[in-house]
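Just so you know, we're using full-length UniProt numbering here: the sequence shown kicks off at 1 and counts up by one.
Since the hints were derived computationally from the structure, they do not count as laboratory data.
Hints may be right or wrong, so weigh each one.
What the hints assert, rightly or not - Restricting the straight-line Cα-Cα distance to at most 30 Å, the calculated cross-link-like pairs of lysine-lysine (BS3-like) are:
| # | residue 1 | residue 2 |
| --- | --- | --- |
| 1 | 5 | 78 |
| 2 | 34 | 5 |
| 3 | 75 | 5 |
| 4 | 75 | 34 |
| 5 | 78 | 34 |
Stated by the list, open to error - Derived Cβ-Cβ restraints for the label pairs, each shown as a range:
| # | residue 1 | residue 2 | range |
| --- | --- | --- | --- |
| 6 | 65 | 31 | 19 to 27 Å |
| 7 | 48 | 118 | 25 to 33 Å |
| 8 | 109 | 80 | 41 to 49 Å |
Predicted, not measured: the structure shown is a model, and the values here were computed from it.
By construction, the Cβ of each residue, glycine as well, lies at the ideal position given by its N, Cα and C atoms.
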Amino acid sequence: MSAIKEYTADEVAEHNSVDDLWVIYNGEVYDVTKYVDEHPGGEEVIVDVAGGDATEAFDDIGHSDEAREVLASLKIGKLQGGSIRTVETKVKGQSTSSGVPVPLVVAALVALGAAYYFLV
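Make the full structure from the sequences, and use the hints.
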């Protein structure tokens, strides 16, 4: 039995056209190029997630067992390092702000403006 090929998110992202279309589903990589024309929901639905993580889009539709079997037959490997959603969650969790809530800053500016208006 051969080892499962691993792909980086960048490698998958390169396959983002109708003629060369890969997606990630639950951390696994699928080449759905040959299936795009057969997709009952139309090609646009798949093209929208081309080269990226289709997990949420696929799960939101509630696909049949048959659809899951078709997807399984198109598997070409797995995503190196896990699912993209895990990576995105980690990145989104990182904050570049100073930690001061915007409403607090706005309220302070309004208070300063009011104080200036009434004292001058």
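### Message
Can you confirm whether the C-alpha distance between residue 34 and residue 5 stays at or below 30 Å?
### Response
The hint holds at about 20 Å.
### 30 Å Cα cutoff - pair residue 75, residue 34
Holds, because 12 Å separates the two Cα atoms, which is no more than 30 Å.
### Message
Given a hint of 25 to 33 Å, does the C-beta separation of residue 48 and residue 118 actually sit inside it?
### Response
Taking Cβ atoms as reference, residue 48 and residue 118 lie about 54 Å apart, which means the hint is violated.
### Query
Cβ-Cβ distance between residue 65 and residue 31: within 19 to 27 Å?
holds (21 Å)
### Message
Check whether the Cα positions of residue 5 and residue 78 lie no farther apart than 30 Å.
### Response
holds (6 Å)
### Query
Lying within 41 to 49 Å: is that true of the beta-carbon distance residue 109 to residue 80?
With Cβ atoms ~47 Å apart, the hint holds.
### Task
Compare the distance between the alpha carbons of residue 78 and residue 34 with 30 Å, and conclude whether the hinted pair is satisfied.
Satisfied, since the Cα-Cα distance of roughly 19 Å is no more than 30 Å.
### Query
Within a Cα-Cα threshold of 30 Å, do residue 75 and residue 5 meet the stated pairing?
holds (10 Å)
Violated hints amount to a single one, hint 7; each of the other numbered hints is respected by the structure.
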